[in-house]
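Colleague: Below, each chain spelled out in residue letters.
Number of protein chains: 2
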Amino acid sequence: MARKILLVICDGLGDRPSAALGGKTPLQAASKPGIDRIAASAMHGLLYTIAPGVTPGSDTSHLSLLGYDPLGIYTGRGPFEAAGIGLKMKPGDVAFRCNFATVDSSRVVVDRRAGRIGEPDTGELASLLPEVEIDGAQVRFRESTEHRCVVVISGDGLGSSVTDTDPGVTGRPIQLASGLDEPSSRTAAILNKFTNMVIEKFSGSHVNRKRMEKGLPSANAIIARGGGVYPDIEPFDRKHGMSFGAVAAEGLILGICRVLGGEVVTPKGATATMETDLMAKGRAAVEMLGRKDFVLLHVKPTDIAGHDGNAAGKVEMIERADRMVDYIISSCSGELVFAITGDHSTPVSAKQHTCDPVPLMIHSGGLRSDGISSFDEISAGRGSLSSLRGLELMPLLMGYADRNEKYGA
Amino acid sequence: MARKILLVICDGLGDRPSAALGGKTPLQAASKPGIDRIAASAMHGLLYTIAPGVTPGSDTSHLSLLGYDPLGIYTGRGPFEAAGIGLKMKPGDVAFRCNFATVDSSRVVVDRRAGRIGEPDTGELASLLPEVEIDGAQVRFRESTEHRCVVVISGDGLGSSVTDTDPGVTGRPIQLASGLDEPSSRTAAILNKFTNMVIEKFSGSHVNRKRMEKGLPSANAIIARGGGVYPDIEPFDRKHGMSFGAVAAEGLILGICRVLGGEVVTPKGATATMETDLMAKGRAAVEMLGRKDFVLLHVKPTDIAGHDGNAAGKVEMIERADRMVDYIISSCSGELVFAITGDHSTPVSAKQHTCDPVPLMIHSGGLRSDGISSFDEISAGRGSLSSLRGLELMPLLMGYADRNEKYGA
Chain A
312 MARKILLVIC
322 DGLGDRPSAA
332 LGGKTPLQAA
342 SKPGIDRIAA
352 SAMHGLLYTI
362 APGVTPGSDT
372 SHLSLLGYDP
382 LGIYTGRGPF
392 EAAGIGLKMK
402 PGDVAFRCNF
412 ATVDSSRVVV
422 DRRAGRIGEP
432 DTGELASLLP
442 EVEIDGAQVR
452 FRESTEHRCV
462 VVISGDGLGS
472 SVTDTDPGVT
482 GRPIQLASGL
492 DEPSSRTAAI
502 LNKFTNMVIE
512 KFSGSHVNRK
522 RMEKGLPSAN
532 AIIARGGGVY
542 PDIEPFDRKH
552 GMSFGAVAAE
562 GLILGICRVL
572 GGEVVTPKGA
582 TATMETDLMA
592 KGRAAVEMLG
602 RKDFVLLHVK
612 PTDIAGHDGN
622 AAGKVEMIER
632 ADRMVDYIIS
642 SCSGELVFAI
652 TGDHSTPVSA
662 KQHTCDPVPL
672 MIHSGGLRSD
682 GISSFDEISA
692 GRGSLSSLRG
702 LELMPLLMGY
712 ADRNEKYGA
Chain B
312 MARKILLVIC
322 DGLGDRPSAA
332 LGGKTPLQAA
342 SKPGIDRIAA
352 SAMHGLLYTI
362 APGVTPGSDT
372 SHLSLLGYDP
382 LGIYTGRGPF
392 EAAGIGLKMK
402 PGDVAFRCNF
412 ATVDSSRVVV
422 DRRAGRIGEP
432 DTGELASLLP
442 EVEIDGAQVR
452 FRESTEHRCV
462 VVISGDGLGS
472 SVTDTDPGVT
482 GRPIQLASGL
492 DEPSSRTAAI
502 LNKFTNMVIE
512 KFSGSHVNRK
522 RMEKGLPSAN
532 AIIARGGGVY
542 PDIEPFDRKH
552 GMSFGAVAAE
562 GLILGICRVL
572 GGEVVTPKGA
582 TATMETDLMA
592 KGRAAVEMLG
602 RKDFVLLHVK
612 PTDIAGHDGN
622 AAGKVEMIER
632 ADRMVDYIIS
642 SCSGELVFAI
652 TGDHSTPVSA
662 KQHTCDPVPL
672 MIHSGGLRSD
682 GISSFDEISA
692 GRGSLSSLRG
702 LELMPLLMGY
712 ADRNEKYGA
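Protein sequence lines, in the order shown, are assigned to chains A and B.
Under our numbering, residues 312 to 720 are what the first sequence spells out, in order.
Under our numbering, residues 312 to 720 are what the second sequence spells out, in order.
Treat the hints as calculated values from the structure; they're not laboratory data.
A hint or two may mislead.
No farther apart than 30 Å at their CA atoms in a straight line, the calculated lysine-lysine pairs in the DSSO-like style are these [unchecked claim]: (1) K504/A with K335/A; (2) K550/B with K662/A; (3) K550/A with K401/B; (4) K717/A with K550/A; (5) K525/A with K399/A; (6) K521/B with K504/B; (7) K550/B with K717/B; (8) K401/A with K717/B; (9) K399/B with K525/B; (10) K525/B with K512/B; (11) K399/A with K504/A; (12) K399/B with K399/A; (13) K401/B with K504/B; (14) K662/A with K717/B; (15) K550/B with K335/A.
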């Protein structure tokens with residue numbers, strides 16, 4: 312009988328031996344009795360979420376883990392960020408992730424986050440130009456979390472191979488966007504014109520007058536990056552024949568799941584920061600498993616701790632995730648295929664994404680087990696799943712959940 | 312920060328249990344404290360240099376290990392042999408590896424190596440016909456190592472699907488080359504005409520008169536095999552974004568590295584025989600690592616010992632390679648990604664290339680390790696790299712050297 316599937320993805324989970332942890336990885340150093348109790352009767356392996364030697368982003372890796380080859384549909388992070396804040400798009404729309412920024416009179420960027428501006432200022436600024444028409448295309452503009460915002464361009468003949476206007480560093484001017492082909496040149500021209508409109512509109516705005524009075528940097532421009540086209544994508548439920556929901560708090564992951572047609576839930580108290588309430592996520596996942604065939608539970612702060620080089624923080628997040636997992640497993644009635652992995656490695660020693668594969672553990676009643684008593688990168692290297700590629704995960708989970716079809720007779 | 316990469320390839324390194332070694336493989340039987348000291352903090356796996364079940368040649372496997380799919384560029388060994396002796400070629404040129412041979416008056420081959428002829432006789436003979444024009448194509452002829460020589464044909468409309476003129480055994484006549492398609496038929500006709508010219512020119516030569524006086528077999532013909540077209544190939548440095556050098560002594564490997572645009576060094580004393588000076592190679596590699604991002608160090612005689620069924624000799628070569636590796640590792644300042652593997656297996660029990668995967672070990676400071684204390688075929692089968700394909704090696708090394716680009720955001 313078909314089983315339900317719970318996939319827990321701890322962002323940036325994979326790590327390397329850490330000097331701060333006596334040469335152990337955070338997963339090795341953490342006390343995680345809940346996960347390790349399952350470990351002993353689970354299958355283990357290492358997962359190259361894209362391919363060996365590829366350092367994945369969180370967007371490309373999540374697509375791959377959910378069974379979508381990013382090579383076919385991924386052109387940039389923009390559309391997923393835009394979907395993350397609830398913007399409706401259609402295939403062919405081009406979206407950019409942007410920052411509210413501070414520029415001087417020569418358009419040189421002096422603060423890439425406009426003094427870490429946030430609500431309500433960002434919402435008020437965005438409302439000055441929510442939607443305009445440029446060169447026959449519709450341009451939508453929305454605030455996102457903190458200093459972030461999104462630009463979506465809809466119209467005929469648009470391309471997404473557009474260079475960033477974000478110079479990436481302070482002290483350099485806003486870059487003129489350019490397109491690598493004819494349709495992308497059209498998009499670039501629209502983005503450049505919209506950037507001009509923003510600068511003109513924001514300079515004398517009520518918000519910025521108030522910010523200047525308080526001595527805060529003026530949010531007098533936007534800088535764009537990560538342009539991508541909204542993909543023409545088969546919804547998850549049709550592709551895999553399973554209803555799909557996700558418990559997540561980070562905009563990017565929410566966006567990816569929305570683009571795939573999933574129901575997304577961010578329970579009260581759950582955030583994309585170290586302060587997130589993981590037990591709230593656990594309860595939401597248990598509730599969702601009552602309604603959905605496949606539930607993705609995303610935990611962000613393991614990645615944050617990795618980027619910060621914070622070994623103790625990563626251990627703590629793993630220990631909190633362990634209590635969440637223990638709660639879910641003990642709360643679920645019926646057979647469940649449970650898998651836990653990462654989307655990529657963010658070693659605390661590297662403070663950035665690396666190509667190291669992530670540990671993967673799959674558990675369900677009655678399956679084989681490896682006799683490995685700890686879920687970690689080193690133990691996983693001895694597991695029976697050996698090494699897998701990201702696109703192989705979904706067929707494997709569906710197979711073990713009795714949700715695949717026999718091939719042949 | 313980007314690290315340098317040293318890839319040591321011991322030719323034909325992989326083996327099977329050997330009765331002469333009490334059921335151990337040569338790698339298991341050898342005393343190799345230098346390599347095994349690194350082994351304990353390295354990642355291990357088995358590498359199918361082409362694909363499972365494929366018995367690789369040294370040419371196809373080296374191309375694969377260096378990141379070039381041989382299926383797209385490899386048509387025969389000829390061009391790489393020709394490049395190995397320094398012949399300049401351009402894409403589209405067709406090259407053959409040949410032997411100086413002895414034939415009777417009916418062109419029946421009586422000695423495929425003309426009494427293992429060598430310099431200076433081969434050079435003198437080749438100088439009789441260094442370059443001629445046949446059917447509007449340019450034909451170049453050069454002596455190579457020992458009894459070997461090379462024919463390169465340049466011109467329009469040439470193909471490389473040409474059958475060998477070498478009958479492969481004695482007692483059979485030189486074969487008439489034939490082409491499998493129209494352009495290859497043109498090449499075959501030119502090769503047949505050139506073979507006739509050689510036979511005519513060599514029969515009354517000064518060299519052969521002297522050889523007959525000494526009772527040596529006359530080198531009165533050439534027999535050709537391994538025809539291939541010089542590939543239109545992206546240079547290594549452009550393809551991988553790394554400068555490339557190789558320390559090698561065997562013509563084929565030198566040729567492959569030259570075709571890829573690498574700098575090649577054969578230090579004094581380094582040869583493709585059991586008498587090679589491996590410490591000279593080690594010193595050359597250390598020097599080259601000061602100048603190049605990626606260095607290939609090739610060790611030939613492990614393969615020779617395999618072909619000869621010489622278990623003790625293979626063990627000895629591994630022990631000498633161990634001292635070379637130990638010297639290199641202890642001499643290199645700074646972070647280095649170090650990998651050691653083979654290009655294929657040449658088990659002493661088989662005396663030929665086999666499809667067995669080769670052991671692979673990758674080491675660099677701060678990476679994960681498998682806790683495996685010996686570098687050998689059996690231990691590698693338990694390693695975290697599990698089994699990889701040849702084309703996956705270069706991305707993996709570049710990833711661990713921080714020389715890849717993140718895919719996604």
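Colleague: Each hint should be assessed against the structure and marked as holding or not.
Modeller: Each hint tested on the structure:
no. : hint               : verdict
1   : K504/A with K335/A : violated, 52 Å
2   : K550/B with K662/A : holds, 28 Å
3   : K550/A with K401/B : violated, 49 Å
4   : K717/A with K550/A : holds, 17 Å
5   : K525/A with K399/A : violated, 36 Å
6   : K521/B with K504/B : holds, 26 Å
7   : K550/B with K717/B : holds, 17 Å
8   : K401/A with K717/B : holds, 27 Å
9   : K399/B with K525/B : violated, 36 Å
10  : K525/B with K512/B : holds, 20 Å
11  : K399/A with K504/A : holds, 23 Å
12  : K399/B with K399/A : violated, 60 Å
13  : K401/B with K504/B : holds, 23 Å
14  : K662/A with K717/B : holds, 14 Å
15  : K550/B with K335/A : violated, 36 Å
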